[in-house]
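Q: First to last, the protein sequences are chains P and R. In terms of numbering that gives the first Met the number 0, the first sequence opens at residue 0 and continues consecutively. In terms of numbering that gives the first Met the number 0, the second sequence opens at residue 0 and continues consecutively.
Calculated from the structure, these hints are not laboratory results. Treat the hints with care, since some could be wrong.
[To be verified] Here are the simulated lysine to aspartate or glutamate pairs, EDC-like style, with alpha carbons at most 16 angstroms apart:
no., chain 1, residue 1, chain 2, residue 2
1, R, LYS581, R, GLU307
2, R, LYS165, R, ASP154
3, R, LYS266, P, GLU37
4, R, LYS416, P, GLU172
5, R, LYS504, P, GLU123
6, R, LYS416, P, ASP76
7, R, LYS416, P, GLU170
8, R, LYS416, R, GLU406
9, R, LYS504, R, ASP469
10, P, LYS169, P, ASP76
11, R, LYS300, P, GLU37
12, P, LYS214, P, ASP82
13, R, LYS165, R, GLU187
14, R, LYS423, P, ASP82
15, R, LYS357, R, ASP493
16, R, LYS416, P, ASP165
17, R, LYS423, P, ASP76
Here the structure is a predicted model, which is why all the values come from computation and not from measurement.
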Amino acid sequence: MDVKRLNRRGLLIGGALIGSAGAAAALRDGQLGAPPREYGGTMPWTEGAADVPPIAEPGGFRFFTDAERAFIEPAIDRLIPPDSHGPSASQADVHVFLDRQLAGPFGRGDHFFLGGPWPKGTPEQGYQSRLSPAQLYRTTIPAIESYVGHQFQGATFKQLSLPRQDQMLKELESGKAALGEADGQVFFTMFLQNVLEGYFSDPIYGGNKDMAAWKMIGFPGAHYDYREWVPRHGQRVPFPPVSIKGRPGWSEA
Amino acid sequence: MVTRLPPTDVVLVGFGWTGAIMGQQLCDAGLNVLALERGVWRDTPTDFAPTFAQDELRYMWRHHLFQNLANDTLTIRNNVDQQALPMRRLGSFLLGNGVGGAGVHWNAQIWRFLPSDFKAYSHNKERYGAAAVNAYDMTVQDYPFTYDEIEPYYDMFDKVCGTTGKAGNLRGQIQPGGNPFEGPRSSEYPNPPLPLTYGPTLFAETAAKLGYKPFPHPNGNMSRPYTNPLGVQLGQCTYCGFCEKFGCGNYSKSTSQTTILPYLMTKSNFTLRTECQVMKVEKTVDAKRATGVTYIDSAGKEFFQPAEIVILSAYVLQNVHLLLLSGIGKPYDPKTGEGVVGKNYAYQTMGSVNVFFKDKILNPFIGAGALASVVDEFNGDNFNHSGLGFIGGGYLAQMNTGGRPIEMIYTPEGIPKWGAAWKKAAAQNYLRSLNISCHGSMMSHRGNYLDLDPTYRDGFGRPMLRMTFDFTDNERKMSAHIVGKAAEIGRAMDGASGIKATPRKGSWSVVPYQTTHNTGGAITGDNPRNSVINKYLQSWDVSNVFVMGAGAYPQNAGYNPTATLAALAYHSAAAIKERYLKNTGPLVQG
Numbered sequence: 000m001d002v003k004r005l006n007r008r009g010l011l012i013g014g015a016l017i018g019s020a021g022a023a024a025a026l027r028d029g030q031l032g033a034p035p036r037e038y039g040g041t042m043p044w045t046e047g048a049a050d051v052p053p054i055a056e057p058g059g060f061r062f063f064t065d066a067e068r069a070f071i072e073p074a075i076d077r078l079i080p081p082d083s084h085g086p087s088a089s090q091a092d093v094h095v096f097l098d099r100q101l102a103g104p105f106g107r108g109d110h111f112f113l114g115g116p117w118p119k120g121t122p123e124q125g126y127q128s129r130l131s132p133a134q135l136y137r138t139t140i141p142a143i144e145s146y147v148g149h150q151f152q153g154a155t156f157k158q159l160s161l162p163r164q165d166q167m168l169k170e171l172e173s174g175k176a177a178l179g180e181a182d183g184q185v186f187f188t189m190f191l192q193n194v195l196e197g198y199f200s201d202p203i204y205g206g207n208k209d210m211a212a213w214k215m216i217g218f219p220g221a222h223y224d225y226r227e228w229v230p231r232h233g234q235r236v237p238f239p240p241v242s243i244k245g246r247p248g249w250s251e252a
Numbered sequence: 000m001v002t003r004l005p006p007t008d009v010v011l012v013g014f015g016w017t018g019a020i021m022g023q024q025l026c027d028a029g030l031n032v033l034a035l036e037r038g039v040w041r042d043t044p045t046d047f048a049p050t051f052a053q054d055e056l057r058y059m060w061r062h063h064l065f066q067n068l069a070n071d072t073l074t075i076r077n078n079v080d081q082q083a084l085p086m087r088r089l090g091s092f093l094l095g096n097g098v099g100g101a102g103v104h105w106n107a108q109i110w111r112f113l114p115s116d117f118k119a120y121s122h123n124k125e126r127y128g129a130a131a132v133n134a135y136d137m138t139v140q141d142y143p144f145t146y147d148e149i150e151p152y153y154d155m156f157d158k159v160c161g162t163t164g165k166a167g168n169l170r171g172q173i174q175p176g177g178n179p180f181e182g183p184r185s186s187e188y189p190n191p192p193l194p195l196t197y198g199p200t201l202f203a204e205t206a207a208k209l210g211y212k213p214f215p216h217p218n219g220n221m222s223r224p225y226t227n228p229l230g231v232q233l234g235q236c237t238y239c240g241f242c243e244k245f246g247c248g249n250y251s252k253s254t255s256q257t258t259i260l261p262y263l264m265t266k267s268n269f270t271l272r273t274e275c276q277v278m279k280v281e282k283t284v285d286a287k288r289a290t291g292v293t294y295i296d297s298a299g300k301e302f303f304q305p306a307e308i309v310i311l312s313a314y315v316l317q318n319v320h321l322l323l324l325s326g327i328g329k330p331y332d333p334k335t336g337e338g339v340v341g342k343n344y345a346y347q348t349m350g351s352v353n354v355f356f357k358d359k360i361l362n363p364f365i366g367a368g369a370l371a372s373v374v375d376e377f378n379g380d381n382f383n384h385s386g387l388g389f390i391g392g393g394y395l396a397q398m399n400t401g402g403r404p405i406e407m408i409y410t411p412e413g414i415p416k417w418g419a420a421w422k423k424a425a426a427q428n429y430l431r432s433l434n435i436s437c438h439g440s441m442m443s444h445r446g447n448y449l450d451l452d453p454t455y456r457d458g459f460g461r462p463m464l465r466m467t468f469d470f471t472d473n474e475r476k477m478s479a480h481i482v483g484k485a486a487e488i489g490r491a492m493d494g495a496s497g498i499k500a501t502p503r504k505g506s507w508s509v510v511p512y513q514t515t516h517n518t519g520g521a522i523t524g525d526n527p528r529n530s531v532i533n534k535y536l537q538s539w540d541v542s543n544v545f546v547m548g549a550g551a552y553p554q555n556a557g558y559n560p561t562a563t564l565a566a567l568a569y570h571s572a573a574a575i576k577e578r579y580l581k582n583t584g585p586l587v588q589g
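Construct the complete structure from the given sequences, taking the supplied hints into account.
A: Here it is, written out as structure tokens:
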């Protein structure tokens, strides 16, 4: 019974993703350009119109340049380093996640209001940059490298010892690093959040490779029905994690 | 070029919870009802099917079901001496969009306010003296009705939702196992409470040992299959842990989609138009009546929709924005205290206590929206405030709403936010920690209000709404008090190895998520000098305009706001059907 249901689920997702998912998703996501519609007399429903998630495509880098990768890959492994608990951020492909996110709607600032004017504002007023996330990464990484070079005789971030890399990241976090026009603290806040997103989100977005981050903490993922576990207080739920796309060993047939 | 459309009896501006309630009530009374919704149609199998609903990144962090700020936002500041700047990214509150509104992504926490909450001014003044209600520049007011007057409408909403819970006060008789502080209920909950997971069980056991009377959180997460009075069916919750901030793929969470729309959408006298943004309520030359609304659809075309009754049923912030843009009611001025539109904007004062265990496996991911045990001893005026220096309070709840790992990994005090120490703490504590929510009230204050921004304009060229808001010492003292009580319970939990207490301190910040419980700005009262709308939510100034939602609250109680705004909508609908249709005009003389 279980196997049958799980297979059906894999099939539903697999099938739906072949359609014109991209266009449907864009128009459903609060974008201008969706046609006005009128409904009446019946409960509306359209076959095959499921608003399926925008799965990250495999392949090479879409957003990051080589120079940017030389900062991003070591930096994410200081935020989430390798150890016996679980993979580092780069071992979990968080850099791939970041690349796909920055190349897509999030990177373009979808769901951000970026209109002016742009006074600095108070910390309580939150993000007040005129930059989209992609622009923020693109303009801040060179400023960080320039700051690192100035501090350490022309070295790049990647060339620093691990304690010095940590020191640089802490200076960004605290706002101590003077980056000229760029704002290291605003960047760091977004960067750390995005790294956590890549580590712990569903693997369909390119990170959390092999669901290893979920295994590390004991989260079963997109599991649907826990009713039989509700009264089993204090017991470990033995299921391996499952992604929206299923898990290794599931039959796609 | 504005196209004039054929008239309708009723136009609903916004189609979330109150739009669905008013649509159903007024269609059943035989009126032709047209709903205008700025967002898209949403239904369960299309928009949040169980094959892809459990996606933390897409829904919570990429805001897939929320209002897109690129098209529509507001400006924010803590006080009048600051320049308000745009809310460029959602954080503190997560506004809804589309059919069902924010009701699609709520937890379905279904609370009634206390009888004394409706008399916040006179009750507290009588018990603690005039100074207690006037301190901190508070502008607290009574509602123009009592709990007893709207109880039948709370009951109606419970039956539509299939609310689960255990009554604590049934027609005046205190019931074991329920909330002994609640107002009298006319009937038991339609469904029994959800069976509890480990965390809420531990919390209830500990609270009982300390002498409190814990009870299951009332909610719209189905404990069994349910068919509501409209014939709409809901299914049993499977505890998937993706409820708040997500759509339910299982028809197990009460939303307008799962309780009203399958009934309403088939009515021949109901029409819904989506992707239509209302610009303004139009009025007669003498400004005494509304003639209808103008709106722009997503193709960029502008229309005038004539209507006999205009119901503002969007979210509180949009309703107040439209009142200000349409010149309905006098805008509030914090300097003089005169005017009413935008007055008494309030929010919720949220605190929390994390409790850590060395070896208890709590499985936080086995969750449902409001799967929780609650202690209500420190809410409203359920305790003696003498000498405490504040009024109001809140409930304490161990909520097992889910264990989404980007949002809900708790680490002990002193652990950094990243690096090896963070990673080790995350791996150790995810399964072995819980969160006690301290859900506090927010009184109204002279300096907290909504008006139009002088600088920033929205995508339609209209001035943005401006929010001027901060917590005051009344809220900070209240939060310190109730979080302290929650910390005592946390420390006393069997096997607890440590706690982390987070009362609300400092100024309100738009950055961290707190709660989407914005209230006030279009408040209800007993005369036009202190309020925007009368007890039936009817505008004092333009008598065929009715304003739904939590904007009506003169201040915010320590409970989640949705059931009360639903009850007020049913109360309003009853007055429209029974009295207004026979004699259109003011239902209360101002």
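Q: Assess, step by step, whether the Cα of LYS423/R is no farther than 16 angstroms from the Cα of ASP82/P, and give holds or violated.
A: 9 angstroms, holds
Q: For LYS300/R and GLU37/P, compute the direct alpha-carbon distance and say whether it is at most 16 angstroms.
A: Status holds; Cα separation ~15 angstroms.
Q: Against the 16 angstroms threshold, does the CA-CA distance of LYS169/P and ASP76/P hold or violate the hint?
A: 14 angstroms, holds
Q: Would the pair LYS416/R and GLU406/R pass a check requiring their Cα atoms to be no farther apart than 16 angstroms?
A: 13 angstroms, holds
Q: Take the C-alpha atoms of LYS416/R and GLU170/P, compute the straight-line distance between them, and say whether it is at most 16 angstroms.
A: With Cα atoms ~14 angstroms apart, LYS416/R and GLU170/P stay inside 16 angstroms; holds.
Q: LYS504/R and GLU123/P were given as a pair; does the straight-line alpha-carbon distance stay at or below 16 angstroms?
A: 12 angstroms, holds
Q: Taking only the CA atoms, is the gap from LYS214/P to ASP82/P under or equal to 16 angstroms?
A: 14 angstroms, holds
Q: Quick one, are LYS416/R and GLU172/P close enough, alpha carbons at most 16 angstroms?
A: 10 angstroms, holds
Q: Can you confirm whether the C-alpha distance between LYS581/R and GLU307/R stays at or below 16 angstroms?
A: OK: LYS581/R and GLU307/R at ~13 angstroms, within 16 angstroms.
Q: Within 16 angstroms, alpha carbon to alpha carbon, are LYS165/R and GLU187/R?
A: 7 angstroms, holds
Q: So if I understand the rule, the pair passes when the alpha-carbon distance is 16 angstroms or less; does LYS357/R with ASP493/R pass?
A: 11 angstroms, holds
Q: Between LYS416/R and ASP76/P, is the straight-line Cα distance small enough, at 16 angstroms or below?
A: Holds, at about 14 angstroms.
The structure shown violates none of the earlier numbered hints.
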